[in-house]
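For the record, the sequence lines run as chains V and X.
For the first sequence, the residue numbers in this note's numbering are 4 to 421.
For the second sequence, the residue numbers in this note's numbering are 4 to 421.
Derived from the structure by calculation, the hints contain no laboratory data.
Since we're looking at a predicted model, the values are computed, not measured.
Keep in mind that the hints are not guaranteed to be accurate.
Same chains, same label: a pair holds when it works inside one copy or across any pair of copies.
Calculated pairs, DSSO-like style, for lysine-lysine (alpha carbon to alpha carbon, straight line, at most 27 Å) [claimed, not checked]:
#1 Lys52 x Lys209
#2 Lys266 x Lys69
#3 Lys302 x Lys74
#4 Lys340 x Lys392
#5 Lys392 x Lys187
#6 Lys69 x Lys340
#7 Lys210 x Lys69
#8 Lys210 x Lys156
#9 Lys266 x Lys85
#10 Lys156 x Lys52
#11 Lys209 x Lys156
#12 Lys344 x Lys392
#13 Lys302 x Lys20
Protein chains: 2
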Amino acid sequence: MALPYFKYERVEDVQQKLLSSAREGMRKVEMLDVRNATEYVLAEDVHSKRDIPQNDIAHFDGYAIKSEDTKLASFKNPLRFKIVKEIKLTERGSSYEISSGEVIYVPTGCELPQNADAIVPVESVEREGDYIILTRPIVRGFHVIHKGSDIRKNELVLRRGTIILGQHVKVLLDSGIFEVPVYKRPKVVVMPIGSELTNDPNERHKKLETHSYLISHLIEKNGGIAIQRAPIPDDPGLISEEVEEALENYDVIVTIGGASIGKMDFTWNEAKRIRRPRLEVRGIRVHPGRVTSVVLFEKPIIMLPGLIQSTLSGAIFILLPLIRFLAGLSPSPLYPKFMGKVKSVINIPEYKPFKRVRFVRRIGSVNNEEERFIDLLRYESFHSSVLLKADGIAIIPENIDEIPPSKTLMVYGVHGLF
Amino acid sequence: MALPYFKYERVEDVQQKLLSSAREGMRKVEMLDVRNATEYVLAEDVHSKRDIPQNDIAHFDGYAIKSEDTKLASFKNPLRFKIVKEIKLTERGSSYEISSGEVIYVPTGCELPQNADAIVPVESVEREGDYIILTRPIVRGFHVIHKGSDIRKNELVLRRGTIILGQHVKVLLDSGIFEVPVYKRPKVVVMPIGSELTNDPNERHKKLETHSYLISHLIEKNGGIAIQRAPIPDDPGLISEEVEEALENYDVIVTIGGASIGKMDFTWNEAKRIRRPRLEVRGIRVHPGRVTSVVLFEKPIIMLPGLIQSTLSGAIFILLPLIRFLAGLSPSPLYPKFMGKVKSVINIPEYKPFKRVRFVRRIGSVNNEEERFIDLLRYESFHSSVLLKADGIAIIPENIDEIPPSKTLMVYGVHGLF
Numbered sequence: 004m005a006l007p008y009f010k011y012e013r014v015e016d017v018q019q020k021l022l023s024s025a026r027e028g029m030r031k032v033e034m035l036d037v038r039n040a041t042e043y044v045l046a047e048d049v050h051s052k053r054d055i056p057q058n059d060i061a062h063f064d065g066y067a068i069k070s071e072d073t074k075l076a077s078f079k080n081p082l083r084f085k086i087v088k089e090i091k092l093t094e095r096g097s098s099y100e101i102s103s104g105e106v107i108y109v110p111t112g113c114e115l116p117q118n119a120d121a122i123v124p125v126e127s128v129e130r131e132g133d134y135i136i137l138t139r140p141i142v143r144g145f146h147v148i149h150k151g152s153d154i155r156k157n158e159l160v161l162r163r164g165t166i167i168l169g170q171h172v173k174v175l176l177d178s179g180i181f182e183v184p185v186y187k188r189p190k191v192v193v194m195p196i197g198s199e200l201t202n203d204p205n206e207r208h209k210k211l212e213t214h215s216y217l218i219s220h221l222i223e224k225n226g227g228i229a230i231q232r233a234p235i236p237d238d239p240g241l242i243s244e245e246v247e248e249a250l251e252n253y254d255v256i257v258t259i260g261g262a263s264i265g266k267m268d269f270t271w272n273e274a275k276r277i278r279r280p281r282l283e284v285r286g287i288r289v290h291p292g293r294v295t296s297v298v299l300f301e302k303p304i305i306m307l308p309g310l311i312q313s314t315l316s317g318a319i320f321i322l323l324p325l326i327r328f329l330a331g332l333s334p335s336p337l338y339p340k341f342m343g344k345v346k347s348v349i350n351i352p353e354y355k356p357f358k359r360v361r362f363v364r365r366i367g368s369v370n371n372e373e374e375r376f377i378d379l380l381r382y383e384s385f386h387s388s389v390l391l392k393a394d395g396i397a398i399i400p401e402n403i404d405e406i407p408p409s410k411t412l413m414v415y416g417v418h419g420l421f
Numbered sequence: 004m005a006l007p008y009f010k011y012e013r014v015e016d017v018q019q020k021l022l023s024s025a026r027e028g029m030r031k032v033e034m035l036d037v038r039n040a041t042e043y044v045l046a047e048d049v050h051s052k053r054d055i056p057q058n059d060i061a062h063f064d065g066y067a068i069k070s071e072d073t074k075l076a077s078f079k080n081p082l083r084f085k086i087v088k089e090i091k092l093t094e095r096g097s098s099y100e101i102s103s104g105e106v107i108y109v110p111t112g113c114e115l116p117q118n119a120d121a122i123v124p125v126e127s128v129e130r131e132g133d134y135i136i137l138t139r140p141i142v143r144g145f146h147v148i149h150k151g152s153d154i155r156k157n158e159l160v161l162r163r164g165t166i167i168l169g170q171h172v173k174v175l176l177d178s179g180i181f182e183v184p185v186y187k188r189p190k191v192v193v194m195p196i197g198s199e200l201t202n203d204p205n206e207r208h209k210k211l212e213t214h215s216y217l218i219s220h221l222i223e224k225n226g227g228i229a230i231q232r233a234p235i236p237d238d239p240g241l242i243s244e245e246v247e248e249a250l251e252n253y254d255v256i257v258t259i260g261g262a263s264i265g266k267m268d269f270t271w272n273e274a275k276r277i278r279r280p281r282l283e284v285r286g287i288r289v290h291p292g293r294v295t296s297v298v299l300f301e302k303p304i305i306m307l308p309g310l311i312q313s314t315l316s317g318a319i320f321i322l323l324p325l326i327r328f329l330a331g332l333s334p335s336p337l338y339p340k341f342m343g344k345v346k347s348v349i350n351i352p353e354y355k356p357f358k359r360v361r362f363v364r365r366i367g368s369v370n371n372e373e374e375r376f377i378d379l380l381r382y383e384s385f386h387s388s389v390l391l392k393a394d395g396i397a398i399i400p401e402n403i404d405e406i407p408p409s410k411t412l413m414v415y416g417v418h419g420l421f
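Using the sequences and the hints, build the whole thing.
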């Protein structure tokens, strides 16, 4: 069954080669308005430009006072303080000042007037006309939120690698930061190849191309910007023309189909003809998906096989790790989902030196691992119905003959898929 | 500490009342082009309009043959079949037919010609000029992918409630379905209230309003479409005008700040003055966030408190469940994240009949529950720095005095937050 011309490299080796090439210049940083930066990944540590709060402010509606003046206040010796001003929240507290024997009314969040260092909450004090009557001393800093007590100026606010979410936008803006350096989301063009394909549902004599919707969605969910192209016919001239044009305009080129060695598979040869590649990978040791190939100039061309489960497998192991890395995310799109026992023996009849990917479903208990089983969905690489039923993928390592029943395997989710 | 005028209803009661009102007409369904429907939730079961594949097709490049003709083939009795045609993938296989003693070359995926019922793979047979030589019989259906073997016409493809991802778009299109009924994403206007606020970083004498970025991001990540408004001053006339206008144009109105009973808190009274509400909720039994209030006409006005941790708490317990429900998602934005032991005693000095939300951080082992602890981040409801440090929230139930050290608690994530 081994096809000629394929070299079938180890996935780990291919990933490593691709990512080190990416490190040498493919990964770009740009400055973005913080308000447009959600879901981007921060490319540098960010430090606050401000104290938060920016000044000592009142924690409650109340009277700003000089604590020193209140030392002798007691029930036996009530002290009177004159309310010389009521400040509105729209005013700056520091435009006003108090002298001994005076207080100023301030609302919650208001900057303290000059000379004031404590707040007497409005509901805890008796008022008589323009005066308040204090029957106990007030400690310095009472009900004051101190300058910088939430975040200090120059404090590290967010680390490089943070995925920017709503709370980060909020705190960055609060910190006086309006632009941030982020990893550029790579522009990834998705080019299905095949004369039998169309993207027009009304062209009834052709097959509607739909793989690109799945691959584009995965690209978007893993940090890239996907651009879907109309299918390109199996014509060597057209393919090389379109690929060369794409190399001008996009960061990553992905082809779907036409990557094998059949009579109508031109992509590999046409891509290699453009110029001498910095890196080439002809096949990977993963099944399905073994036909997945890469040609790298300054930019990578990732060739995915055309049968849907193979397309996905190539995307999971080669395409998405590269895109995630370019976008600043951890490379693997996989995350551990649950463990379960294999329901019945899994035989590995062929391609033994290959990693094996199988779409699986959970049977039995969600909570009890002892009663949770993994059901391998029927495998034919052209089947798409399994994608609707799967809870995740199981990865069967290289060079084993079988997996016995009841052996425990980890089931992985794929970001954007399940 | 109990403020007058608040009724503080149980969160579960408020959620239940709101969702049953939503069920009575607020939740809308629309038809969408499948290609624009990712992340929407399917409002009805969907059945395939086609068999997939639509015809019997070849699984390999090979020769389409009538299996009956091959019965007597053996090494001793090799049979010759004439190759009468080579079909291209762009042609319809059923336009051609074979007679006994004939084969037609078909590429992988090609529809079988009439009378053919099996495929002899190209690499498994000897060819002599225009003939192939068969030395063994071929069984009916050999290397044929049968019509409907992936998905049958009228088969249930996707259930109501499915969140539409890339693989669903693909399979829907393959099934001949180009439009789907989905729950409309509610348009949610976010209106910060406060004369001290601005959305213009250059207005230095005012405070930059930033809560709305966090709340809008959460709305978007939980099924809604967020529309951020410039801050509205504390002016009863302006507030009622803006709220009434918003009721015309949006599905849900959210205000931030101005919801309490201070001198400058006008939102509750102004909202109630518009007309007689179908439902009103004045405060909820959650701390922080207790000031969160609701007035419902045909559309709901959700009033969130202004201090960030309170704003978030109101969003998590009241706003997001409503939005998720309207968008067709399971109402709770919470998901269980990990269990951990409380590091030191948690005292509940006040608001004992209230549920308590605390932002927490994991300390110790990721994998070993016995060595994993929960660290409660310092609580002041105006602090936003805790949002950067938290791994999730702990929810402390009503009516307890304290949580002893080493007691195990569940930490929850919030969709779109952490």
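Hints, one by one, checked against the model:
{"no.": "1", "hint": "Lys52 x Lys209", "in the structure": "between (59 Å within a copy, 17 Å between copies)"}
{"no.": "2", "hint": "Lys266 x Lys69", "in the structure": "between (90 Å within a copy, 25 Å between copies)"}
{"no.": "3", "hint": "Lys302 x Lys74", "in the structure": "neither (73 Å within a copy, 54 Å between copies)"}
{"no.": "4", "hint": "Lys340 x Lys392", "in the structure": "both (16 Å within a copy, 24 Å between copies)"}
{"no.": "5", "hint": "Lys392 x Lys187", "in the structure": "between (34 Å within a copy, 25 Å between copies)"}
{"no.": "6", "hint": "Lys69 x Lys340", "in the structure": "neither (59 Å within a copy, 47 Å between copies)"}
{"no.": "7", "hint": "Lys210 x Lys69", "in the structure": "between (81 Å within a copy, 26 Å between copies)"}
{"no.": "8", "hint": "Lys210 x Lys156", "in the structure": "between (60 Å within a copy, 17 Å between copies)"}
{"no.": "9", "hint": "Lys266 x Lys85", "in the structure": "between (96 Å within a copy, 21 Å between copies)"}
{"no.": "10", "hint": "Lys156 x Lys52", "in the structure": "within (5 Å within a copy, 62 Å between copies)"}
{"no.": "11", "hint": "Lys209 x Lys156", "in the structure": "between (63 Å within a copy, 19 Å between copies)"}
{"no.": "12", "hint": "Lys344 x Lys392", "in the structure": "within (18 Å within a copy, 37 Å between copies)"}
{"no.": "13", "hint": "Lys302 x Lys20", "in the structure": "within (13 Å within a copy, 56 Å between copies)"}
Hint violations for this structure: numbers 3, 6, all remaining hints satisfied.
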